Structures are given as C-alpha cells and as structure tokens.
Amino acid sequence: MHALRLAWDHIEEGVIVLLLSVMTLVTFIYVIINNLYNVFFIIGDQFEGRSEGITAFFYGIGDFIIGLAQDMTWGNAMSKALFAWLIFFGLAYGVRTAGHIGVDALVKLTSQRTQWVIGIIACLICLGYAGLLSIASFDWVSALLGTAVHAEDLDQFGIRQWHIALVVPLGFAMMFIRFVEILIRILRHEQTGLGLADEAADAIKLADEEERNQ
Amino acid sequence: MTILFLFVALFALMLIGVPIAVSLGLAGSLTIILFSPDSVGSLAIKLFETSEHYTLMAIPFFLLAGAFMTTGGVARRLIDFANASVGHIRGGLAIGAVMACMLFAALSGSSPATVAAVGSIAIAGMVRSGYPQAFGAGIVCNAGTLGILIPPSIVMVVYAAATEQSVGKLFMAGVVPGLMLGLALMVAIYIIAVKKNLPALPRASFRQWLSTGHKAMWGLSLMIIILGGIYSGMFTPTEAAAVAAVYAWFVAVFIYKDMTLRECPKVILEAGKLSIMLMFIIANAMLFAHVLTTEQIPQAITAWVTAMELSPWMFLLVVNIVLLIAGAFMEPSAIILILAPILFPIAMQLGIDPIHLGIIMVVNMEIGLITPPVGLNLFVTSAVTGMPVTSVMRAAAPWLMLLLCFLVLITYVPAISLALPEWLGM
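Chains A and B are the protein sequences, given in the same order. To convert, note that position 193 of the first sequence is 193 in this note's numbering; the numbers rise steadily by one, no gaps. To convert, note that position 266 of the second sequence is 266 in this note's numbering; the numbers rise steadily by one, no gaps.
By construction, these hints were calculated from the structure, which means they are not laboratory data. Please note: incorrect hints may appear among the correct ones.
[What the hints assert, rightly or not] Just some of the chain B residues that point at chain A, by a computed CB distance under 7 Å:
#1 M14
#2 I16
#3 V18
#4 I20
#5 L26
#6 G41
#7 A44
#8 M57
#9 M234
#10 A242
#11 V243
#12 I268
#13 L269
#14 K273
Computed from a predicted model, the values in this text were never measured in an experiment. Just so it is clear, CB atoms sit at the ideal spot from N, CA and C, and this is done for glycine as well.
Work out the full structure, taking the sequences as your base and the hints as a guide.
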C-alpha cells in the first residue's frame, strides 16, 4: 500500500512536469515555425534577378514551412488543452505539498487546542468545496459525453471536448482524497492545520539550489 | 443581501485559514447555489473557462523562465554586473542590489521570485561588507516589488485578461515608472549612505566591468527577446513567454552550465507547482467575479458613484485607498480579477485611461506585497535572511513611504505611464 502510494506520488509529479514541458514546447515550436518562413523569403529576395535557381530554392523552403505552419493550427488548441490538464490535475499535488496560500496569522494567535479545532473545521470546509465541485463538474462532463462535442482544431486526433473536460472532475476528486488524508493526520494529531504555505518557501527552494551551485 | 453574504462568507473562510482560492470559490459557489437559478454545473464550466484564456497561458511560461533563471545562475551574474557598474558609489552594494532587482524584474514577471533570486545572494554580500542586515533586507524587500512593474509582469497579464486591454501596451507603460522607482530608491540609498558613512567598493576597472557585462549578457538579451518580440509584433506576449522559457532553459543548461539536464524535472516541477497554485486562485477569483457580475454589482456601484458626481481625482484617491486595504489581505491576481470589473467601468465613465488605471493598480499591488498580513515579499525576505517577519516589516517600513509618494505621483501624472506607449504609437 505504501509502495503504491509512493509510486502514485511519482507519477503525479511526472505528469505535471510532462504537461508543462509539452505545453511550452508546442507553443515554442509553433512560434518558431510561424516566424521562420519569412526568413527564407527574405533570403530568396536577395538573390532575385541574380540567380533564379537559388531564389526558387529558398522560396521553396519558405513555402514548405508555411505549409507546416498551416498544418499546425492545432498548436494553440493543444496548448490550451494541456493548460487545462496542468491546472486541474495539479490541484491535488498542491494540497499534498501545502502549496495553496492562505492567511493563518490570526489562527496562530489562538491556543494549541483551538488551532486544532479550527484546523478540522477548515479541512472539512475544503472537503465540502472539493466534493461540491467534483459533483458539479461530473454532471457537466456527463452532459458533454451525451452530445459528443468535438474539440475545436483537435478533431483530426479524435479528441473530443469531454476528453479535455474530464480532468476537472478527476482533479477535484483527487483533491478530495488528499484533503481526507490531511483530515486523518489532523485527527491523529500528526499535524495542526492545513499546512498552508506561500510562494516564499518555493521561491527559496529555487534560490537555495542556486547557492549550492556556487 | 446576496452581496453581503458573498463577502461575509469570503472573509469568514479566509480568517479561519481556508486557502484563498478555496475561500473565493466556495463563497462564489454557495452564493450561486443559494441565490441564483444557475445550475451547479455552471460552476465547473466557469472554472474550466480559465484555461481557455490564451493570455493567461503566459503565466506558467513566465514562471518557468523565472525558475530556470534563478536556478541557472542568471541572478548571480546580474548581481556581479550590477556591482561592477555602481559598486564604487557610496552605499554601492545596496544600490547594486536595487539595480540587480531591476534587471531581474525585466526578465521575470513575479515580485517574490525577484526577492528570492536577488535577496539570497545580495543581502548576505551586504552584511559581509558591514551593512546592517535590516538595511539590506528592507531594500531588497522593496526593490523586489519592481518585479511586477517592470515588464514582463504576471499581474499586468492578469489585468489585461480581466479588462481586455493589450498586454504589450501595458508592458510598455510599466517601463518608465519602473525605471523611475528604481532610480528613486537608488537616490534615497545614496543619501542615507552618505549620512551613515556606509562603505563603497573599490571602482571596478573598465575591463572588469566589460567581463561581468559579457557574462551577464546571455541573461540580459532575454529582455530584448521578450520586449523586442512583442513590440515588433513577432510574438504575442504568450508566445514571447514560451520563447523566454525555452531560451532560459538553454542558457542555464548549455551556456552557463550551472544546471545539469538531470536537474531540469525538479525545476520544472517547482514552476509547475507555482503555476497551479496561481492559476487555481485566478480560476476561483474569476468565479467570484462572475457572481459579482451576475448580481449586477459593478453596475450598481457605477450608478452610485456617478450619482455622487465624484471628480476623477477623488475617484482615484478612493481607488488607491480601497486597493491598499485589499492589497494587505489578498493575493494581487485575485484583487485585480475581483476589483477590475468594478473599477474599470467607472474609470471609463470618468475618462481615465484604461492603461493608466492598470499601472495604478499594479503600483498598489506592489505596496500590498510589503504590507502585512499577506505581504508575500515580507515572507520571502524573512525566509532568505532568517530574520523574523516582524523585523523585516520594520526594516521595510521606512521605504514604504517612498513607495506611497511614488503612488501619488503615478496616480496624478498619467503621462509617466502613457508617454512611452504613445510615443511608440501603440
């Protein structure tokens, strides 16, 4: 059970890295292709009137790249779909690593016992939120499923709108499970609050690596 | 009644430590369920729509570029270059830290990231040279806020998405105010340094200066790619951000070699986590703003304000006060998404330029980053220096006055923000 959970944690992290990398690369390649054909037309122009052969050669490459660019209209739609997957798939990871910022200054002023009780209430509220949105998004996706709406520009890959939307209920359900884990840890007194973090800790982690590199 | 419920629920949830994103989302959802005929399914659609905003896609890309630059040694080289440029002036290391913050801000779109990248190295350097630690911490904490004023800026991307303005124009509008605030900080430091007799570094030779400049060049050229690419129309801001991310990765791994390929997944995961957190807040803030709109709150407030016949300068004063208070309690992107739909229509009626309003909001958010209880820069500074947050607050407070004066200037002299984009014909 423990090994299985560890494996899932790794898969979760791997998927996030993969989604962000592919999303960046698809957008990057799309930009490059869209700007590259001009370069070849400009080079071709330089030889205009001097050597028809070379001009035709560069124009040929330019035309070929325009063709590629036109074939790649799916690029933007693909990036957006990956973006959606990144956001919602990552929700549970954010809970596990205490990545969602909150204000705990006031709660920390109260006694240990009160903090514990407030922690349980806050956790139950988060469970309610994740549960509500799991159900709401599941309703929405099942409605999409019936209509079989095609995803714009992604038809050619057989991707339907519900394939993309599926991540919403999936993400909230995973988030729900992670909040249950936290609730259990609070009840067992292994943790007092939700373990709220802020951007601070993350920014520092990066900076620390920088220091170690020196 | 509805509106009262919405805001009371939001504050109650936030106070007991529920994450900001969940507080926004739950307050919005409950209001829709209790007071609106919309189905719960519409909640899911609203959240999902966030991912379909092409402009917002720039956020993960800018965060990724920032992560590669912080880990990949770009920050360290920028600091060396800044110290070689201004280190010989009295208080040189502190002035150099401001310059490094300005340079890093021109590469990254986030203030906490700027503080972390520059602060971890620069503050320690200042302490070694005999500066009081609180002085160094206060400076970097404030100068780091330039991260969202000097383009690229994540907060500007969010404002552009919320009000359908041009990201490129906003970016250009941030250039002059950013440079001005940086210079103002430098002058203030110089005056204090002369009074307190703070040390100066020996003047770097022209050769040394060239060498540090050469080393920092790979990082600095990213500025040209981002701003040049957007201005020339080669890239949209989102595309420029993606190019910046790939470029930063290339420089970190293959040119500076401060990072190996095996370390990449860790850095990407860290950027992914930040993107998810921020996008989750943005998605929920959009849901919240949607509730405001369906309840016709912006219209009601606009009618109310118009009836009061406020003059533009009075309106802007109110805007600043509201934003300063909100900034102390909330995350900048969330504030922009909630308040922009309310403030924008009124500002349009009063004839205030939308880009100018954007810059005013951004400067307010900068101040919000260094005012407790939710001042991210304070927490980052405290973490990189090991000083308690309360000491950082005290260290940052004197500089806060400078920022407030600057806010007044930006608010009432629109030309500072608007001259550059107009001159460029945008």
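Each hint, compared with the structure:
1. Below 7 Å, beta-carbon pairs count as interface contacts, and M14(B) has one with chain A at about 5 Å; its hint therefore holds.
2. Below 7 Å, beta-carbon pairs count as interface contacts, and I16(B) has one with chain A at about 5 Å; its hint therefore holds.
3. Contact between V18(B) and chain A, as hinted, is supported at the beta carbon level, the nearest pair being about 5 Å apart and thus within 7 Å.
4. For I20(B), the interface hint holds, the least distance from its beta-carbon to any beta-carbon of chain A being 6 Å, beneath 7 Å.
5. Of the supplied interface hints, the one on L26(B) holds, with its beta-carbon coming within about 5 Å of a beta-carbon of chain A, less than 7 Å.
6. Nearest Cβ of chain A to the Cβ of G41(B): about 4 Å, under the 7 Å cut. The hint holds.
7. Satisfaction of the interface hint for A44(B) is found here, the shortest Cβ-Cβ separation to chain A being roughly 4 Å, below the 7 Å cut-off.
8. The interface hint given for M57(B) is met, as the beta carbon of that residue sits about 5 Å from the closest beta carbon of chain A, less than 7 Å.
9. At its closest, the beta carbon of M234(B) sits 6 Å from a beta carbon of chain A; the interface hint therefore holds under the 7 Å criterion.
10. Because the smallest distance between the Cβ of A242(B) and any Cβ of chain A comes to about 4 Å, under 7 Å, the interface hint for this residue holds.
11. For V243(B), the suggested interface contact is upheld, since its CB lies about 6 Å from the closest CB of chain A, less than 7 Å.
12. Annotation: interface hint on I268(B) holds; nearest CB of chain A at approximately 5 Å, less than 7 Å.
13. A least Cβ separation of about 5 Å between L269(B) and chain A falls short of the 7 Å threshold, and the interface hint therefore holds.
14. Given the 7 Å rule on beta carbons, the hint for K273(B) holds: about 5 Å separates it from the nearest Cβ of chain A.
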